[in-house]
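J.: Chain by chain, the residues:
Number of protein chains: 2
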Amino acid sequence: LNRESAHPAPAPALTKQRLRLWLKLLKTSSSIETSLRARLRDEFGTTLPRFDVMSALERHPQGLKMSEISGLLKVSNGNVTGIVDRLVEDELALRVAVPGDRRAQRVCLTPGGHEAFAKLATTHEAWVDALLGGVDQTDIDQLIALLDRIATSGEE
Amino acid sequence: LNRESAHPAPAPALTKQRLRLWLKLLKTSSSIETSLRARLRDEFGTTLPRFDVMSALERHPQGLKMSEISGLLKVSNGNVTGIVDRLVEDELALRVAVPGDRRAQRVCLTPGGHEAFAKLATTHEAWVDALLGGVDQTDIDQLIALLDRIATSGEE
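Going down the list, the sequences are from chains A and B. For the first sequence, counting from 1, position 42 maps to 35 in the working numbering; every step adds exactly one. For the second sequence, counting from 1, position 96 maps to 89 in the working numbering; every step adds exactly one.
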């Protein structure tokens, strides 16, 4: 049985188109991320990982353990430690003891930290609004539905 | 003239939706990138930046200066130097003199480098095909058209 001629390899057109889509997706995402990083640096003297740590703390007012921050952000504990150290130095975050666990600590934002993050988040949202100014509500709904197909396809 | 009451702030719904789209885009892109990084590491013992350098060299058989590689990849010269050093050690790339410019060098892939990259690229393409298996040609066309709107909106 000559399986090769009975079942010729499928035309690679769709494969090539998926690769093209992936490169387009990566380029779009990287370009927005690069722009946001530059603006955070130039206008606030801050970094995207620091913004992300503050954002995670903002969403968890009861505080987060270091390992929980790393898990939420998918960055190494080492990086999170450095970022949290700086936030504590800047009085934007503080470490609090966990009752019943002498070695554990939770990190939470100070009132000043909440205030600083609110300003950052408002400006960040306006930047994203401008960067994505070319898409309207219909485009957004379509894009999210299509991106959902990508996101679930890898888990099958 | 009370401009605030004459022109109330626009409803933030679309702004919030654009932020939601950006987070979705970032999550989709990061999740694919993380998967590709892990597979390159586990199955080929290589990294995405090294793959990207080889890919750039593959597309430029006449060779590239170090600064050209950095520009194409948007990574620092320092990182590119380390990656190229390793490729040269592994006999996958070599540095050649530029006629008429004693200090300049171009980097190009060796025949072994082309061969190694071809294997990597074929496997990488199959991974992307599987990761994006949930989208068909119609989805891809729609996604690329919609992503094009995002990509150009920031340049207005």
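To be clear, the hints were calculated from the coordinates, so they are not data collected in a lab. Hints should not be assumed to be uniformly reliable.
With a cut-off of at most 30 Å between alpha-carbon atoms, the simulated DSS-like pairs for lysine-lysine come out as follows [as the list claims (entries may be wrong)]: (1) LYS9/B - LYS17/A; (2) LYS112/B - LYS20/B; (3) LYS58/A - LYS17/B; (4) LYS20/B - LYS20/A; (5) LYS20/A - LYS112/B; (6) LYS9/A - LYS58/B; (7) LYS17/B - LYS67/B; (8) LYS112/B - LYS67/B; (9) LYS67/B - LYS9/A; (10) LYS58/B - LYS112/A; (11) LYS17/A - LYS17/B; (12) LYS17/A - LYS58/A; (13) LYS9/B - LYS58/A; (14) LYS20/A - LYS112/A; (15) LYS112/A - LYS20/B; (16) LYS17/B - LYS67/A; (17) LYS67/B - LYS58/A; (18) LYS112/B - LYS112/A; (19) LYS67/B - LYS67/A; (20) LYS112/B - LYS58/A; (21) LYS9/B - LYS9/A; (22) LYS58/A - LYS112/A; (23) LYS9/B - LYS20/A; (24) LYS20/B - LYS9/B; (25) LYS67/A - LYS58/B; (26) LYS58/B - LYS20/B; (27) LYS17/A - LYS67/A; (28) LYS9/B - LYS112/A; (29) LYS20/A - LYS9/A; (30) LYS112/B - LYS58/B; (31) LYS67/A - LYS20/B; (32) LYS112/B - LYS17/A; (33) LYS58/B - LYS58/A; (34) LYS20/A - LYS67/A; (35) LYS17/B - LYS20/A; (36) LYS67/A - LYS9/B; (37) LYS17/A - LYS58/B; (38) LYS17/B - LYS9/A.
J.: For every hint, state whether the structure bears it out.
T.: Right, here's what the structure says about each hint:
no.	hint	in the structure
1	LYS9/B - LYS17/A	24 Å, holds
2	LYS112/B - LYS20/B	28 Å, holds
3	LYS58/A - LYS17/B	25 Å, holds
4	LYS20/B - LYS20/A	14 Å, holds
5	LYS20/A - LYS112/B	24 Å, holds
6	LYS9/A - LYS58/B	29 Å, holds
7	LYS17/B - LYS67/B	23 Å, holds
8	LYS112/B - LYS67/B	25 Å, holds
9	LYS67/B - LYS9/A	24 Å, holds
10	LYS58/B - LYS112/A	43 Å, violated
11	LYS17/A - LYS17/B	15 Å, holds
12	LYS17/A - LYS58/A	37 Å, violated
13	LYS9/B - LYS58/A	29 Å, holds
14	LYS20/A - LYS112/A	28 Å, holds
15	LYS112/A - LYS20/B	24 Å, holds
16	LYS17/B - LYS67/A	16 Å, holds
17	LYS67/B - LYS58/A	34 Å, violated
18	LYS112/B - LYS112/A	49 Å, violated
19	LYS67/B - LYS67/A	23 Å, holds
20	LYS112/B - LYS58/A	43 Å, violated
21	LYS9/B - LYS9/A	34 Å, violated
22	LYS58/A - LYS112/A	25 Å, holds
23	LYS9/B - LYS20/A	23 Å, holds
24	LYS20/B - LYS9/B	16 Å, holds
25	LYS67/A - LYS58/B	34 Å, violated
26	LYS58/B - LYS20/B	34 Å, violated
27	LYS17/A - LYS67/A	24 Å, holds
28	LYS9/B - LYS112/A	16 Å, holds
29	LYS20/A - LYS9/A	16 Å, holds
30	LYS112/B - LYS58/B	25 Å, holds
31	LYS67/A - LYS20/B	11 Å, holds
32	LYS112/B - LYS17/A	23 Å, holds
33	LYS58/B - LYS58/A	46 Å, violated
34	LYS20/A - LYS67/A	21 Å, holds
35	LYS17/B - LYS20/A	15 Å, holds
36	LYS67/A - LYS9/B	24 Å, holds
37	LYS17/A - LYS58/B	25 Å, holds
38	LYS17/B - LYS9/A	24 Å, holds
Going down the numbered hints, you'll see the structure goes against 10, 12, 17, 18, 20, 21, 25, 26, 33, while the others check out.
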